[in-house]
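S.K.: Sequence order for the protein chains is A and B.
Position one of the first sequence corresponds to residue 1 (full-length UniProt numbering), numbered consecutively onward.
Position one of the second sequence corresponds to residue 1 (full-length UniProt numbering), numbered consecutively onward.
Everything labelled a hint here was simulated from the structure, so no lab data went into it.
From the three backbone atoms N, C-alpha and C, an ideal C-beta is built for every residue, glycine too.
Check each hint, because a few of them may be wrong.
Unchecked claim - Which residues of chain B face chain A? A few of them, derived with a C-beta cut under 8 Å, are:
| id | residue |
| --- | --- |
| 1 | 1 |
| 2 | 3 |
| 3 | 66 |
| 4 | 437 |
| 5 | 440 |
What the hints assert, rightly or not - Lysine-lysine pairs mimicking DSS-like chemistry, simulated, CA-CA at most 30 Å apart:
| id | chain 1 | residue 1 | chain 2 | residue 2 |
| --- | --- | --- | --- | --- |
| 6 | A | 148 | B | 417 |
| 7 | A | 362 | A | 335 |
| 8 | B | 148 | A | 7 |
| 9 | A | 108 | A | 7 |
| 10 | A | 5 | A | 279 |
| 11 | B | 7 | A | 148 |
| 12 | A | 2 | B | 148 |
| 13 | B | 333 | B | 315 |
| 14 | A | 187 | B | 197 |
| 15 | B | 148 | A | 273 |
| 16 | B | 171 | A | 191 |
| 17 | B | 375 | B | 171 |
| 18 | A | 7 | A | 83 |
| 19 | B | 305 | B | 273 |
| 20 | B | 2 | A | 197 |
| 21 | A | 101 | A | 78 |
| 22 | B | 101 | B | 83 |
| 23 | A | 78 | A | 2 |
| 24 | B | 290 | B | 107 |
| 25 | A | 101 | B | 419 |
| 26 | B | 268 | B | 335 |
| 27 | B | 187 | A | 268 |
| 28 | B | 101 | A | 197 |
| 29 | B | 197 | A | 101 |
| 30 | B | 386 | A | 197 |
| 31 | A | 2 | B | 7 |
| 32 | A | 108 | A | 292 |
| 33 | A | 171 | B | 171 |
| 34 | B | 333 | A | 2 |
| 35 | B | 273 | A | 268 |
| 36 | B | 148 | A | 5 |
| 37 | A | 315 | A | 386 |
| 38 | B | 171 | A | 187 |
| 39 | B | 268 | B | 7 |
| 40 | B | 2 | A | 375 |
Protein chains: 2
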Amino acid sequence: MKHTKVKDLLNSTTTLHEVNAKGWVRTFRNNQFIALNDGSTINNIQCVVDFENTPDETLKRITTGAAVSVTGTLVESKGAGQKYEIQVAELEILGDSDAEKFPMQPKKHSLEFLRENAHLRVRTNAFSAIMRVRSVLSFAVHSYFQEKGFVYVNTPIITGSDAEGAGEMFKVTALPFDNTPRTEEGKVNYKEDFFGKETNLTVSGQLEGETFAMALGQIYTFGPTFRAENSNTSRHLAEFWMIEPEVAFNDLNDNMDLAEDFIQYVIKYVLDKCPEDLKFLEGRLIEEEKVKPQAERSEMALLEKLNFVLENNFKRVSYTEAIDILRDSTPNKKKKFNYIINEWGADLQSEHERYLVEKHFKCPVILFDYPANIKAFYMRLNEDGKTVRAMDILFPGIGEIVGGSQREERYEVLVEKMKALGIDEEELWWYLDTRRFGSAVHSGFGLGFERLVLFVTGMTNIRDVIPFPRTPMNAEF
Amino acid sequence: MKHTKVKDLLNSTTTLHEVNAKGWVRTFRNNQFIALNDGSTINNIQCVVDFENTPDETLKRITTGAAVSVTGTLVESKGAGQKYEIQVAELEILGDSDAEKFPMQPKKHSLEFLRENAHLRVRTNAFSAIMRVRSVLSFAVHSYFQEKGFVYVNTPIITGSDAEGAGEMFKVTALPFDNTPRTEEGKVNYKEDFFGKETNLTVSGQLEGETFAMALGQIYTFGPTFRAENSNTSRHLAEFWMIEPEVAFNDLNDNMDLAEDFIQYVIKYVLDKCPEDLKFLEGRLIEEEKVKPQAERSEMALLEKLNFVLENNFKRVSYTEAIDILRDSTPNKKKKFNYIINEWGADLQSEHERYLVEKHFKCPVILFDYPANIKAFYMRLNEDGKTVRAMDILFPGIGEIVGGSQREERYEVLVEKMKALGIDEEELWWYLDTRRFGSAVHSGFGLGFERLVLFVTGMTNIRDVIPFPRTPMNAEF
Chain A
1 MKHTKVKDLL
11 NSTTTLHEVN
21 AKGWVRTFRN
31 NQFIALNDGS
41 TINNIQCVVD
51 FENTPDETLK
61 RITTGAAVSV
71 TGTLVESKGA
81 GQKYEIQVAE
91 LEILGDSDAE
101 KFPMQPKKHS
111 LEFLRENAHL
121 RVRTNAFSAI
131 MRVRSVLSFA
141 VHSYFQEKGF
151 VYVNTPIITG
161 SDAEGAGEMF
171 KVTALPFDNT
181 PRTEEGKVNY
191 KEDFFGKETN
201 LTVSGQLEGE
211 TFAMALGQIY
221 TFGPTFRAEN
231 SNTSRHLAEF
241 WMIEPEVAFN
251 DLNDNMDLAE
261 DFIQYVIKYV
271 LDKCPEDLKF
281 LEGRLIEEEK
291 VKPQAERSEM
301 ALLEKLNFVL
311 ENNFKRVSYT
321 EAIDILRDST
331 PNKKKKFNYI
341 INEWGADLQS
351 EHERYLVEKH
361 FKCPVILFDY
371 PANIKAFYMR
381 LNEDGKTVRA
391 MDILFPGIGE
401 IVGGSQREER
411 YEVLVEKMKA
421 LGIDEEELWW
431 YLDTRRFGSA
441 VHSGFGLGFE
451 RLVLFVTGMT
461 NIRDVIPFPR
471 TPMNAEF
Chain B
1 MKHTKVKDLL
11 NSTTTLHEVN
21 AKGWVRTFRN
31 NQFIALNDGS
41 TINNIQCVVD
51 FENTPDETLK
61 RITTGAAVSV
71 TGTLVESKGA
81 GQKYEIQVAE
91 LEILGDSDAE
101 KFPMQPKKHS
111 LEFLRENAHL
121 RVRTNAFSAI
131 MRVRSVLSFA
141 VHSYFQEKGF
151 VYVNTPIITG
161 SDAEGAGEMF
171 KVTALPFDNT
181 PRTEEGKVNY
191 KEDFFGKETN
201 LTVSGQLEGE
211 TFAMALGQIY
221 TFGPTFRAEN
231 SNTSRHLAEF
241 WMIEPEVAFN
251 DLNDNMDLAE
261 DFIQYVIKYV
271 LDKCPEDLKF
281 LEGRLIEEEK
291 VKPQAERSEM
301 ALLEKLNFVL
311 ENNFKRVSYT
321 EAIDILRDST
331 PNKKKKFNYI
341 INEWGADLQS
351 EHERYLVEKH
361 FKCPVILFDY
371 PANIKAFYMR
381 LNEDGKTVRA
391 MDILFPGIGE
401 IVGGSQREER
411 YEVLVEKMKA
421 LGIDEEELWW
431 YLDTRRFGSA
441 VHSGFGLGFE
451 RLVLFVTGMT
461 NIRDVIPFPR
471 TPMNAEF
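Excised from the complex, chain A in its bound form (with noise of 0.2 Å):
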């Protein structure tokens, strides 16, 4: 007989005489219990073990994360905690686990260790939810696009060109290390490469996503990036999936509205269709953060948090008022920040970011206006010529989410910019078509999906939320 899926089982309304599931085998108590997991939801079901008909040899096999096929019937549980259970007529072993060598055992691992077993994580029960709440959030980005009339894009991830200066990129190539194709001078003959150029990963999507939207009006990218910095951070992963809407007609304001909004949707999303993933996790942070000192524990919990930002328009400050308020804080007057605020012009550092958003606001904080000499050469240059269209978007806990901008739509503006900063015209003379042929005013974000998921999930470090995470030294699987 076909199987049913565990929650389905468990969101049943009656109870029913011949049912059959399938899963894992998360623990066997008595001889009689199993806690049976599918990954269907974070509940098991109980499965009663008519122990006394079932061989010896049988029972031995019931391991935890051995596959298993129980049919039988589905029946009002007398335990405490949950509904059903299925009382066993029939048990098969469909794959052994050898207890004593099966990683994942039943008691707290670190994080690290199960980081190592990363194929493995997955079957425990917070990094089961981590993975459904991170797919559940994919389809709500989808969602909202699709729904507002925004073009997905597949922007490419090999590119011939490092125009955007946003970091240490990633070699892509075909030749090999020994007797490397020369040219006459000595150089690399990247002709004879597979793709004829110098090629890289991407690390955004964001130049080609504008010039799609400068056709089909509202744009979005959702892909992987490449970052080839040394960074062993907990923030930090060397491939992350990004999010990038891009809209012709946008201002910056319309911009900071798309945002809020399009975050607020997607934690609504995920609010809606995954609270007992949610629930689970907000019990798994607070028993995390118990072992902390008061001070380091978060003020709110897991769902708390998540309907705050619901809840609240986000702060919208300027660069100039974010420095003026900086200036005249506790801990820049008392030199508590390592990098003291002194002057207009300063670049923010995660301190005082934590500062705005966790001390002074208390609540997602948008700030505008940053000056141009700190932020990227596509970004549009104010009438002051000191300060540009741009906005970053800061959160409690996990710092900036979000960073756009107004783009430069005016051609002889952007092109003396690439000048100022010897971007080669040559290799963007794409990007510059859209300011040479019906360029008008456009804007665009890029959000950080794992940053989002790290959000939502409660989780602290980066590698928790991508299933395989890619690090410096680290490529396994």
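Starting from the structure of chain A, add chain B where the hints point.
M.R.: Relative to chain A, chain B alone:
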């Protein structure tokens, strides 16, 4: 005032006093009629300019490709083919477009020329339609799996293993070609590379996906994959998007059911959501085919062909049956095939697949139970010891669209096969873990997304259904 999308204006239920539209000029006729498009729909809105009261200087700037903002009254149109038009009261040029230099002239361009201008080709009717259809198809993919409770998994793009041997891979590295770090034996010392080992771009997320299916039950991937094969054909890309579902406890028949149901769902979805774009593409295809000899034209128009796939079950045929059909076929007997089918075990070529689908069965065909030695190591060996539980779905016009299999769940059989093929067990320790701990029957398939888009849009070159194609000697943009 806030502008309204052209799509919404054209779908208005009443005339409206004051509206604002922003978009790009497709044509400007008689100094009076602007065909304005903003990417929200294949249809332009006609904007009637009061040329007597508009300065000549402005009229001259209303050129193909220019971005304009028009404010005026939405009135019923006297012209044929459109319900509404805008009587323009105010016109602002947002961005000029030099009529002599703008590459996208209002005339037919070759597809080759448009590929060289991939950043601008999306401003044509055909490419905007293709890109909207592609976007809606992407969402259909996510909708299907999410509705069925599948978990979306982002398998890694950069991978440390070349275990599948599916094709030549691109190297990903941060090492320099000059003064490359070397081991004592003079080999490249990948321990000094970013990840501390040799890494490549993924050719498939399947193996990682399987590890997640064996915990979450039902998963799917949808991400970019890469092949460094020097295939300069209309069916190959070096970078393309692949969909790979994987389901625990599914056997090959369940897998075929899933693939068929999935394909019919996404085609129905796009037929429902994109009627205007598909109608336009159907007309385009008819025009294209007019110049072809009768024999090369499609037997069905585009919409008819899509509906045909919806309404007919895919024919399921074993490899062995297919060989018999091919051996007895007229082209085989008359030696019209380039590769004559003489005996069981032959690897089917594109000409054979086309014969089966387009001549013999005249419907989509699922071939299954292929000879083990022409298929991948992870496919489940049948009891006959010589065939494996593989399946390919073949479509008219484009050939293989899906390749899948029931996976070999038996540890010993899998290891034996890996040994025979020289695949490193050490490297795939994590993959083998799924068969060590709670193994079970499971199945999945891969669908090249661009082949699906080709089929749905009626285009014939795969480079025309992805925003920025990556092919040998081509990584522009």
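S.K.: Any hints this thing doesn't respect? Which numbers, in order?
M.R.: Hints 1, 6, 20, 21, 22, 26, 27, 30, 31 and 34 not satisfied by this model.
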